[in-house]
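4 protein chains.
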Amino acid sequence: MKIDDILIREHNESFRESQQAGFTFLAERLQHEGFDVDSLLHKITSFQIAIPSWALGAGGTRFGRFSMGGEPRSLEEKIADVGLLHALNKSSDAISLHIPWDVPENTTAIKALAEEYSLVFDAVNSNTFQDQPGQGHSYKFGSLSHTDHAVRQQAIDHNIEVIKTGQELGSGALTVWLADGACFPGQQHFKKAFQRTLTSLQAIYEQLPEDWKMFVEYKPYEPNFYATVIQDWGSSHLMASKLGKKALCLVDLGHHLPNTNIEQIVALLMMEEKLGGFHFNDSKYGDDDLTAGSIKPYQLFLIFNELVAGMEDPACANPTPAWMIDASHNVKDPLEDLLQSVEAIKIAYAQALLVKRDALEVAQEENDVVKAQEILQNAFRTDVRPLLAEARLRAGAAVDPVALFRKLNIRQHLRKERGLKTVSTGL
Amino acid sequence: MKIDDILIREHNESFRESQQAGFTFLAERLQHEGFDVDSLLHKITSFQIAIPSWALGAGGTRFGRFSMGGEPRSLEEKIADVGLLHALNKSSDAISLHIPWDVPENTTAIKALAEEYSLVFDAVNSNTFQDQPGQGHSYKFGSLSHTDHAVRQQAIDHNIEVIKTGQELGSGALTVWLADGACFPGQQHFKKAFQRTLTSLQAIYEQLPEDWKMFVEYKPYEPNFYATVIQDWGSSHLMASKLGKKALCLVDLGHHLPNTNIEQIVALLMMEEKLGGFHFNDSKYGDDDLTAGSIKPYQLFLIFNELVAGMEDPACANPTPAWMIDASHNVKDPLEDLLQSVEAIKIAYAQALLVKRDALEVAQEENDVVKAQEILQNAFRTDVRPLLAEARLRAGAAVDPVALFRKLNIRQHLRKERGLKTVSTGL
Amino acid sequence: MKIDDILIREHNESFRESQQAGFTFLAERLQHEGFDVDSLLHKITSFQIAIPSWALGAGGTRFGRFSMGGEPRSLEEKIADVGLLHALNKSSDAISLHIPWDVPENTTAIKALAEEYSLVFDAVNSNTFQDQPGQGHSYKFGSLSHTDHAVRQQAIDHNIEVIKTGQELGSGALTVWLADGACFPGQQHFKKAFQRTLTSLQAIYEQLPEDWKMFVEYKPYEPNFYATVIQDWGSSHLMASKLGKKALCLVDLGHHLPNTNIEQIVALLMMEEKLGGFHFNDSKYGDDDLTAGSIKPYQLFLIFNELVAGMEDPACANPTPAWMIDASHNVKDPLEDLLQSVEAIKIAYAQALLVKRDALEVAQEENDVVKAQEILQNAFRTDVRPLLAEARLRAGAAVDPVALFRKLNIRQHLRKERGLKTVSTGL
Amino acid sequence: MKIDDILIREHNESFRESQQAGFTFLAERLQHEGFDVDSLLHKITSFQIAIPSWALGAGGTRFGRFSMGGEPRSLEEKIADVGLLHALNKSSDAISLHIPWDVPENTTAIKALAEEYSLVFDAVNSNTFQDQPGQGHSYKFGSLSHTDHAVRQQAIDHNIEVIKTGQELGSGALTVWLADGACFPGQQHFKKAFQRTLTSLQAIYEQLPEDWKMFVEYKPYEPNFYATVIQDWGSSHLMASKLGKKALCLVDLGHHLPNTNIEQIVALLMMEEKLGGFHFNDSKYGDDDLTAGSIKPYQLFLIFNELVAGMEDPACANPTPAWMIDASHNVKDPLEDLLQSVEAIKIAYAQALLVKRDALEVAQEENDVVKAQEILQNAFRTDVRPLLAEARLRAGAAVDPVALFRKLNIRQHLRKERGLKTVSTGL
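Chains as they are written, first to last, in my numbering: chain A, 357 to 783; chain B, 357 to 783; chain C, 357 to 783; chain D, 357 to 783.
In short, the hints are calculated from the structure, not lab data.
Quick caveat: nothing in here was measured; it's all calculated off a predicted structure.
Mixed in with the good hints there might be a few duds.
Copies of one chain are not kept apart here, so a pair can be met inside one copy or by any two copies together.
Below are the DSS-like pairs computed for lysine-lysine, each with C-alpha atoms no more than 30 Å apart in a straight line [what the hints assert, rightly or not]: (1) K630 / K601; (2) K727 / K547; (3) K630 / K602; (4) K399 / K358; (5) K496 / K548; (6) K520 / K727; (7) K548 / K399; (8) K777 / K630; (9) K520 / K763; (10) K777 / K727.
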């Protein structure tokens, strides 16, 4: 299903007056404060967040999963869904595939299809946390860290296969989320597990094309409930340092212990030029995979404050991180949910762009804590939505993507097309 | 599969000397300290922990599930598995059923089968957190708390059905674990959700037989990730108080926020005569459902310290709680895992029996903190395993149940009998 | 030190144009959305937050305290400081005293002084967590829960004394924060400690004037590190229910375990008509006592969303809670910090007033989770600062209180007046 | 005050029979299992845990401090107190000083005094988290990370001074616990703060004698409540790696976020040969500084399981860590508390020595999770107290140190000698 541009223009027409009023007011205020509004709009437009192929269907927990109908049944339909999102908000021009859930049968055709939707292929993801039918060895007790060489080799081979698929699609990065770990004390020899993993990753790293990156994700628990091999940024950083320049750390917002100061981790990883990618979502308890910005929007802003500081610092050689959503949709329509996530992420980004960085650094130098807080909160309290809407308007996207999605009855169309009891591969 | 008594006797024979030596040494020490060893043995033998029907197969997470083969394919085979456990340790003479996973087709036959294994039926559990095939309404947005009266009625009817099944089987309690809640701020009207739930529970309560109990379980999150209707003991207690005398609270060790002092909750619920039941497991992060005692054995002991204090206090009118394991088995053989859990629970119980309660109360009165700790730790540091083994020996169970389970190749037998790719209903 | 009204008017004059533009724009938008802006302004102006007498000096931790000079040396100077705050923002017309830190020598004179600053006396606070010079018994091992009757009686008498002081000052509530608890397992008999506390509170309750309230605060840990007698809302509610109608629960935002859903607790307490008072602050780890809204502003908004829902519901008989800040100031000037806190609290309140409650309830009834989130976030993302500034402007307060505080060199004046090495009684 | 050896012998005599029986039984069992009991006894005896000079008086919180009398008023009395402990348990032959709380006026005399008690000087600790009278610059906004060069220089100079004092006393390590950080978002530039700290530490490192070590401690929060410069092992390890071979990480058990897997951190640091020292205590919520083993004894055992694995692995070049207690004593007599801590630590150590390491590694290789748990828990469940008592007996210490401490009325003697209202420097 594709959205006719004319429908978007009609939708936008109905917002013309209010959007113009809101944008004009905000733009004037920002100009008055010394901001270059066109530059802001340009940055906001350019900020693209990849959509994971596995998050286009209803998500689930170990307790159950409630289908919602019209979910994509194939890679082609997943691309179509991301295409829909991108048409609505012009902010998600890339899709991130998960192998083996999304192995393209005909790479050329798939690339052509993606191009039709103006989409490219973001980082490819390997999967060694589930057994696939016909698989020689089980990952029950690990993959890249397994005690058995044959299991490790199978997991290494799979990752190399994923790189090849990615190369054919034009991707430039491999994301390794290693679920390996232990459910019980004693189960795993921590040191050996780390070292076996390192050796396995080195074997994969050797096959990584020169211009590719490898993202090493960390997570403290789940699906293992006592320990994981790469449990925190410290382990991920140690691993990436030992691997080499192309290996970088990947931060998933849900992969931290309670109360972790994530923004500080982001700042340190950029300092070390090791921040490779970002998985956005939100959470209250564990890896809840909720809509970005739905629980802790100020934390999201503080993280972007560090990201923007790093990205705008000419002395910081950290590559621009790969931006991706990694959420699950248990009670919301996945497409609406992703639209809300993208909006929240870009709001945080826009607010971070409004931080008066020079003044902030002066306040920091002078230990003027009250002023530093005021500078941050001034940016956060600013209602930047007219800025985002204007960026969408100018890019040919919808002023209010969720509203248009609903008005066009897109989900009903998809249900009619794909059926009510579809199950999308993924989580 | 049944274990011939002679095999148990042979097994025990091989431990005769070491067990006798260990028990004699411990018994003498305990007698010297004023304990009645026979009474201790009697209490330990009498302490029976129910096995849930849903925890006899391999467990799983949202990321996957690794089958282990030989899992029970029917209620009959589940009963056989609990029978095996009980034959090995004589400590699990009851099974707790989950409806609709375990609806008996022929109640009389099932009861007869259970009797063959010397098993009775513990609390029955309703399930309104999943949709069953052919179900009229979906529980996607709740059940007993749902905004739609028809959904609530369906959930009420199901619970009443569960009571009826339980009555036929000779059970005496209904456990209500309500997964209802919200994944996002704003999704649910807290007050209305609580009140709708209360009204639903009242409708069920009215159908509860006079001599039955209703256990109201609480849990802070999962499968909902922002709020649950009955999130903590405070809500559970409020609900149970409003319902009436037959309604009691159920404590699952994994259903608490980080750092919660669970033993204090247990003490307060007993003070209010509202502690109805207990779900044993262990966890490091969330509701990890690990083997009891595998992560925090001292916490388990402290909880039993409160339980024993309440149970042995003639002034405490709290009914003896229903004891049950509620664990999941992702990497261990479920039967071995359950044997380890039962052992850990009974160790904690035995240690709590060794707390010199009068001396402890004196130390408490005198604020002798050092002494109070010493009294508790003296009990905890005692190696009570010979006591447990002796209790098993005298009851005709195995001195080392896990060792015998392995020696008899029970899992291999079950795999041969039931197949390698079985999936047991449950979590 | 008092601020001449003319200085405030001069200050406001400098903001005239920008404030008028900002307010007009916002007011038009709100009117367009159906809000009565005058009513909003009235509510915002009426919302007054009491200042605790113990939070006007530099705070400290067990590791140290860094004086900042000019701190109030007497109750009179504390009143003057609150008067300064109230002059600047017209939002803090009450002071909450802590006995024995702030025992007035001459009640009539103190009342007259407060009146000069247009201040009244909010809830009075007892202190049984520290020993005072010359005190007969030590609170080292507890006060209202102590095993020794004489200690309990001393604590009871102190509380009754506090009530008397409060009566003379025109206060109408007693806040009991009970620090009693245990640092180690075994130290305290949970049930007896609860019951002794209840008996002690009953003795105090009996002396409570008819039109007074007693607030029962809860806290999970600190200064005791294993257990506290009133550890959570469940215990506080149980205690308050047993005490009677005048006893209500008090919520301090920092007194919760990690990840607690505080807004749900607030909703349930209002449902039970037991929410008595509120202590505002913010925190990332424990009871960090940071500036309100400095860490989790969205949580603060969600809490106010429940408070406003309760307060605007004619069916809800919960009395209007007593609003108070309870923060500590380790690195900020206390007066600037308090101005920032009040601003953040009123922003959250104003945003909660902008929640379209009818639409929200419709979305909740229909389980339209996406819409419910949109309604909440629309309110939260609105920049309500012009509304607050307008309310201040009309009330004769400063448009930008912190800026004026700095421009008038108030801290320097206070340092000159009071000295550099002052230590204010309090935390 | 010194304890006459004859009193210890008399005390031990009263335990002769029971100790002999207990030890014989355990020793036989261990020999039967293949352990060399003499070697075990030797290891246990050799395991010495340093006592911090600042933990010999009553501790406190920000809410208050309850004196207990007889606390040491000088460095000499602190040494005497540690001497008392060492006489009682022969397990604490070292004292760790905190400068400037314990600056020796006459180093030669102090060294001679320590020798009298058979004590040596463990790591010396600098203090840049408090301002001292007459200090030129304030540490309110940091020390080694401060934005002002002069403050950093003062902190550097202080550390170098501490090294010099340590050299004179025969110490061989400097512990840097850096309290620097931020209470609010925006207050600190994370990257610059890290880099300034690194530069400061490099300046100190340059002055470190060749055979010394520098321990870099980490802590997530308190006294700063938003961020700390060295927040976790990842930061500590990064810092130590950049500093050089003499810089190592220091693990304090209380310095972790909720649910952290500390034993894995220990294993990884040993893998990297960067584990320098250990601060023992226990906690339920934050940095509660409770008696070691009083809350989570199994965690302590699991940590020792990793420590022993590393120490007994000839391939592991990590230096033997410096062992120290770092606890606070709010409700217990500090000396009794320290005796309990040492006992708990050595119990965990002894249990870890009983882990059948070869069998464990086999179980790990074979993913026999049930067996691996059994091996660990067999060791943990063993009552090793007779082994510890025997080690003490043979070393000339008391079989039951706390009992003897009480029987000899030591605290009363100290109170008489030193007074009732003493305040010891420290926390």
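_Hint check, failures only_ = Of the numbered hints, 6, 8, 9 do not hold.
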